[in-house]
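Engineer: Work the whole structure out from these sequences, hints included.
Residue numbers 4 to 92, in the working numbering, belong to the letters of the sequence shown in order.
Calculated directly from the structure, the hints in this document are not laboratory data. Using N, Cα and C, we set each Cβ at its ideal position, and we do this for glycine too. You can take every hint at face value.
Ranges of calculated distance between the beta carbons of each label pair, as one might list FRET restraints:
hint: 1; residue 1: I69; residue 2: W29; range: 21 to 27 Å
hint: 2; residue 1: V13; residue 2: F40; range: 28 to 34 Å
hint: 3; residue 1: V17; residue 2: I70; range: 17 to 23 Å
hint: 4; residue 1: S76; residue 2: F44; range: 34 to 40 Å
hint: 5; residue 1: T50; residue 2: A79; range: 37 to 43 Å
hint: 6; residue 1: W29; residue 2: G73; range: 26 to 32 Å
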Amino acid sequence: MGQPWNLSFVQAVVTNFGLSAGYWFWVHKTAAVNEFFPYPFLGLVSTEVRVGVFAGAGVIGYVSYIIIRGLQSTFARSPLDQLKGKKSI
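Structural biologist: In structure tokens form, the structure reads like this:
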């Protein structure tokens, strides 16, 4: 069985947007060293659009977390919970 999903809403949002922000800085560091972005479209758009791309990635990460958490709690219940007819979270 998988581990329980103990992240609160705030922890999940902070984790996803923290990863997105870290990736933002890594991509921009890479662009500064190589003089081009690792994804060509990022060089064609403004900074505001790039912020939107990375914020959108954070939202997609959070929504994916919610979906996977729901699927896991539905289909991967512990044997004890199955006997009792309860869902584990």
